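Given next are the chains, with one letter for each unit.
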Amino acid sequence: MPGKLKAKIVAGRHLPVMDRASDLTDAFVEVKFGNTTFKTDVFPKSLNPQWNSEWFKFEVDDEDLQDEPLQVTVLDHDTYSANDAIGKVYIDIDPLLCTEAASVISGWFPIYDTIHGIRGEINVLVKVELFNDLNRFRQSSCGVKFFCTTSIPRCYRAAMVHGFVEELVVNEDPEYQWIDRIRTPRASNEARQRLISLMSGELQRKIGLKVLEMGGNAVVGYLQCFDLEGESGLVVRAIGTACTLDKLSSGSAPNTNTHTHPNTAPASNACNSPSKDGKEPVFGEDLLSSSGPPTPFRALPTSSSSPPPPFSPSKPCSRQSSSSDTDLSLTPKTGMGSGGSVGKEAGPLKTLLRQQTQTALEQREFPFFTLTSFPPGFLVHVGGVVSARSVKLLDRIHNPALGNTRSYKLLDWNSVTADEPETRDAWWEEIRQEIKSHAKALGCHAVVGYSESTSICEEVCILSASGTASILNPRFMREGCLDIGIADHRFEEPSPPSCGFCHIPYDELNMPFPAQLTYCYHCRRQKVPDVLFTTIDLPSEASVTGKGCLIQARLCRLKKKAQGEVNATAISNMLPFMEYELHTQLMNKLKLRSMNALFGLHIQISVGENMLLGLASATGVYLTALPAPGGIQIAGKTPGDLSNDHISTIQKRINDTIAKNKELYQINPPKLFALDPEVFCGINMELNEELVGSPIPEPRHRSRLFRSHSESSDEVSELDLSHGKKDAFVLEIDDTDAVEDIHSLLIDAPPPSGFYSCNTEVMPGINTWTSGVQMFTSVRVFRLSNANLTNQGLNKIFTDLCENLLKSFYFKLRSMIPCCLCHLNFTVAVPEDELIQVAVTAVAMTFDKDQTQEKPAEKPITKGSGDTEEQLQFSMELCADSSLANSQPPSKISGVPESSNISSRAASVDYGSFADRCSTWLELLRLKAHTIRRGSVKTISSLERSSPLPDGRSRSLRSTRSFGGTSVTVVKMTPLSFLPGTRIIKYLGIINMFFIRETTSLREEGGVSGFLHSFIAEVFAMVRAHVAALGGNAVVSYSMKECVFMENPNKNQAQCLINVSGDAVICVRESDPEATPSMTNSAQSCSSETDTAT
Amino acid sequence: MAVELDVFVGNTTIMDEEVYKLWLDGYTVNDAVKVRMEGGVMEECEASADVLLSDTMDQYRTFQMCERLLHSPAKLANQLLFQITPHRQAVLIERYYAFDDAFVREVLGKKLSKGTKKDLDDISAKTSVTLKSCRRQFDNFKRVFKVVEELKGPLVENIRQHFLLSDKLGRDYAAIVFFANNRFETGKRKLQYLTFQDFAFCAGQLINNWTVGAVDHMVEDMDVDLDKEFLQELKELKILITDKDLLDQHKSLVCTALRGKTKAFNEMEANFKNLSRGLVNIAAKLTNTKDVRDFFIDLVEKFIEPCRSDRWTAADMRLYLTHYTNSAHILDTFKHQVVWDRYMGVIKSCIFKMYHD
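Chains as they are written, first to last, in numbering that gives the first Met the number 0: chain A, 0 to 1093; chain V, 0 to 356.
It is worth saying that the hints were derived from the structure and are not from the lab. From a predicted model like this one, the values you see are computed outputs, not experimental measurements. Please note that a few of the clues may not be correct.
Have a look at the derived ranges for each label pair, beta carbon to beta carbon [said to hold, decoys possible]:
{"#": "1", "chain 1": "V", "residue 1": "188", "chain 2": "A", "residue 2": "770", "range": "55 to 61 Å"}
{"#": "2", "chain 1": "V", "residue 1": "20", "chain 2": "A", "residue 2": "655", "range": "39 to 45 Å"}
{"#": "3", "chain 1": "A", "residue 1": "770", "chain 2": "V", "residue 2": "37", "range": "41 to 47 Å"}
{"#": "4", "chain 1": "A", "residue 1": "44", "chain 2": "V", "residue 2": "351", "range": "50 to 56 Å"}
{"#": "5", "chain 1": "V", "residue 1": "37", "chain 2": "A", "residue 2": "18", "range": "26 to 32 Å"}
{"#": "6", "chain 1": "A", "residue 1": "655", "chain 2": "V", "residue 2": "84", "range": "40 to 46 Å"}
{"#": "7", "chain 1": "A", "residue 1": "78", "chain 2": "V", "residue 2": "344", "range": "56 to 62 Å"}
{"#": "8", "chain 1": "A", "residue 1": "560", "chain 2": "V", "residue 2": "93", "range": "24 to 30 Å"}
{"#": "9", "chain 1": "A", "residue 1": "51", "chain 2": "V", "residue 2": "337", "range": "40 to 46 Å"}
{"#": "10", "chain 1": "A", "residue 1": "18", "chain 2": "V", "residue 2": "66", "range": "53 to 59 Å"}
{"#": "11", "chain 1": "A", "residue 1": "51", "chain 2": "V", "residue 2": "156", "range": "53 to 59 Å"}
{"#": "12", "chain 1": "A", "residue 1": "847", "chain 2": "V", "residue 2": "186", "range": "57 to 63 Å"}
Just so you know, even glycine gets a beta-carbon here, dropped at the ideal spot from N, CA and C.
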């Protein structure tokens, strides 16, 4: 299916001096797409060339259009020797393939060289003419929109949420090909950049195909990651949520919330109260049809009653909403004529959907959603965090087709799975199955806030996945999600949206683990757990007391250096303990802040040669619906060792901290006026058993471990670890380590006054954002001394590193007070033996302090019912399980025979935590060998520095003083899905860029910090330039998914890889009435700028 | 055990004006941290010394990366690497091109060459401006000089256009360029009492009245080079002192006008011929480049010092020079009124400015 790509090279500016003799440059440009190359004329002796070329036309398949970037190379013409490359620009033309996105790419792009960085700018115009409507063609998936945003994009409405899509593509890493030994670093870097660009294009196209198959038109929460597996290859994988999105006309609905709001209330009511609905006939019909599809959760509620099954109410509900003017979600059922109810839904789409239903059901194999925030009413109940990890040994991705060919033929790993059972695909499949089974154990039929990540060190790779088990309102989906056994009686009573999601999804009588439930403190009708951990954002309708705050658990564990299987086994044995400890830390810190729920929980475990790093980040909140957390109780195990004085001092400190935090975060739930007898009784009992203070069970007490065999993940055997009085104390001081632990708990300093911080989209409790926005990226690398470090010592260092980073942010951003650091996204890595790397991307947003309204607790809250159980599911599993087992006998790998002895075998553990959609991926590849190989490479003087000053010594006066109105479009960036005070009127397409920067003159560029500082600044600049060229003025959902930094100071060399992504948008100030973006097409301003520049 | 790499990059480049000042003043990172600690920033945000150090390093790095752009400020507006608000850009540029009066006084009128640059450490020691800052200021002078050297049009305007400077700073740079170009001597001991602003004022007068640009607006170097024709014509003024009659006539006219109006009348009368010879000789010698260089020293030696030793007040000076200038118009045999006015206009205002302690 052909299309015509047209490109025009307009001009260049600020080019570097390439000819020392004349201090000028004879520049020309090569424009390449696929295998076709065009050249401009040489524009002699100028640093600001005006090529003003003809339109170069490429006639290509749309498949290529999706896969390939347009490659623009700027060169210096040299009569006698080879032409020198100045730098390149890769332009992703995907946004042009979608009618709703950008129509032209036009603007100044930084000319980028992997050795010298940015070297001037070039003005390029790109257009695409597609000859036909494309959706019919198999190989391409033009027109499918991609969004990094993990919620329904602001100017769209979700007609339907289809579900999980995933794909991965593998190739050899050019850096490890034999040819790399003889080519220049520049050539090697460019080969890699180009390959990854190609692979991402292909991946996106394939995902698009899957979406089309499912009947969707968009992918939301698109998360693409690279695994740099070194010798064994390069994996690019992506997950996302397929949706059918309808564009909201900007006039009618200024923002989605107000638009959808009217119907959410009735909808959710209807959901929860079927009997009131009075639509019995419809309901019966639905019941029939929905029980048909073969979904994994076929089993009807075994436990209880509930004659009107849970799903039935929702059907009428969807009907109801569709007949009202909102037409949200119509899910045509197979073999069911629901046509009458469809309302405005477009006919053709519906038919398409119906045709696709069968496929869509198959896709439901994984009822996962990468979204983290949802349309009101979508999320019915939240069970808790589910996660799975597994340790794998990387081996070369055998592929005959890859063999010795040097062409970058891309291979879909799926296509060779038949020959190769040991595939990356199979690995992920396994993990996902496990997640699914964990969710099921929690009585949930879906996983939201789902994300996947890896950590690689040499040949060991930890795969992780996590999400939040939950029950969704099926009216947004096709059938398949409905027939789940849950405690249905809850549906008989309406639960208000502000607390409904807290209600337990699992059956009270048949709970997956022993848990302390209480009646909801908000509606008093249904049961809630005492603590809730999730990977999603706080639902906007949730009722919260006080403010939230960032809570981090940090952990370092030393490990012996080892190779191969021994290493993998050692790591997998350590994982459950790390997870357990991280979890304990989180719980304690949560209690210390007097909060009862975590949102946006993301746990990252990074593997290095001699240590494992664990970092859990989340935003703590006091949910009004949940019981108040108790305090923390200290007890000495052996009274002889530690005096009671000592203990009481610590206890006092803890109590003081809790009191201080309550004040700080404004957590003042009203005192309870009535206790549920059940709870009350529970408290009494505990009080009797314990000494003083609020009773808190020891974390272990609450952790239930599931051991799941991944081969048959359905059977989950439950292991109650401990019941017993000795566990009634939270913290036992039985040795100095314990004391250390407690001290480290208290170390976390609260943010200075005027600051708040969270890792979710927005801060719970703040809703008066003003327009100040400052996105930033910060990277720190810490070198450990080689002294014998203990785990404790390491922990301290790691904790300090994170704390100091936060302190630095507060200090740097102090001029923005009052302000909140949102979406703080930490990624850790162990790039080398003694290095710890922490990279953070976040946004600081100002808010209006005076108008900050705290949502008052609507209902009195019980205090002191501190008994807690967690719905954390601590499932431990043999890590190296099936996939490794295929090649090796399992016992060899794990070193432990399969048994129910949990502690001995634990590879993947889940319990409540891990999410954070965006930056899960920090894999650190050690490429030391590679760097050394590079040793003899030519040195490059820092040309950048000497860039031409008085080049265009124009003899005429410049007509305008240029600093009044800059010619450069201001592009705002944020990791959030919105910019405060503005309204997004158009999504222009996804930005997904991969850059490599290398230097052989590290000292001259200001050392490692100088090198990385300018590289990150360059990456920002290139992102902004691409967005501006698309006609946009902001990037939302920005994330830096990869930052791999390697150095060799002795050789004066360093290399860094950065991968960033986000959504390019046009936004206007909220006050502006109409949708005309204030900035016009940047092309105009640019071309006028060209004139003045010469 | 140490932080090996530490960077912070904002989408909008964060710059602290206080740190910028320290950087411009040539403080090392450690010294800057000390100054900041004493300034009490730490209490402001519960920061520790580490935080302060990290922040200072980051800012210094940012400034270093920006410095290249600051060398041609027009680029700052359309570069893509740093997103800086226009207002902030203006502040950055203005501060970067600002200079210390003590420093500029030392190099004013010197050739902006490598030789002078080598002497910067002496100047640094003398003025207690750090060497780094001296270098920056010197390089700024040199850069501006080089760019405007070959441009047509008014000097001040050119500087403002090319370096996006404020009017005041543009004028100061024009003075510096003008002085450097004509190599006026400003370093002699007798001239030490004069401030940069005194000279800048005089430079403004010379540029506006004595250069080619004062006559023709579109000539190269119009504001940098003195009007040769005019200098030639100045020789004609010699008649005022060589013609005995004319000299006496001039004296009596001035004395008549001054009599009774000032306490210093006697001294004025006694010194008239000397003073008049001094001023006219300065005019007549200006065709020699060497004497142009000594213009200010001559003014001081030949005119200001004698007056000062006679304890003229500033008002006396004003009175005297006004009448001295005006009386020449009444001399019927003196034909060079236009040249005289052009010359004396500048001399008058220069001397007014320079006549202080």
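Verification of the supplied hints:
Checked against the hint of 55 to 61 Å, the pair residue 188 of chain V and residue 770 of chain A passes, with Cβ atoms roughly 59 Å apart. Between residue 20 of chain V and residue 655 of chain A the Cβ separation comes to about 42 Å, which falls inside the hinted range of 39 to 45 Å. In this structure the supplied range 41 to 47 Å is violated for residue 770 of chain A paired with residue 37 of chain V, their Cβ-Cβ distance being about 35 Å. Our hint of 50 to 56 Å for residue 44 of chain A and residue 351 of chain V holds, since their Cβ atoms are close to 51 Å apart.
The supplied range of 26 to 32 Å is broken by residue 37 of chain V and residue 18 of chain A, whose beta-carbon atoms lie about 50 Å from each other. Range check, residue 655 of chain A to residue 84 of chain V: Cβ separation about 44 Å, and the 40 to 46 Å hint holds. Between residue 78 of chain A and residue 344 of chain V the CB atoms are about 59 Å apart, so this pair conforms to the stated range of 56 to 62 Å. Judged by the Cβ atoms, the range 24 to 30 Å given for residue 560 of chain A and residue 93 of chain V is violated: they are separated by roughly 57 Å.
Separated by about 53 Å at the C-beta atoms, residue 51 of chain A and residue 337 of chain V break the suggested range of 40 to 46 Å. Between residue 18 of chain A and residue 66 of chain V, the C-beta spacing of about 25 Å breaks the proposed range 53 to 59 Å. At roughly 31 Å, the beta carbons of residue 51 of chain A and residue 156 of chain V sit outside the given window of 53 to 59 Å. Look at residue 847 of chain A against residue 186 of chain V: about 58 Å separates their beta carbons, and that is inside 57 to 63 Å.
Hints 3, 5, 8, 9, 10, 11 from the earlier list are contradicted by this structure; the remaining hints agree with it.
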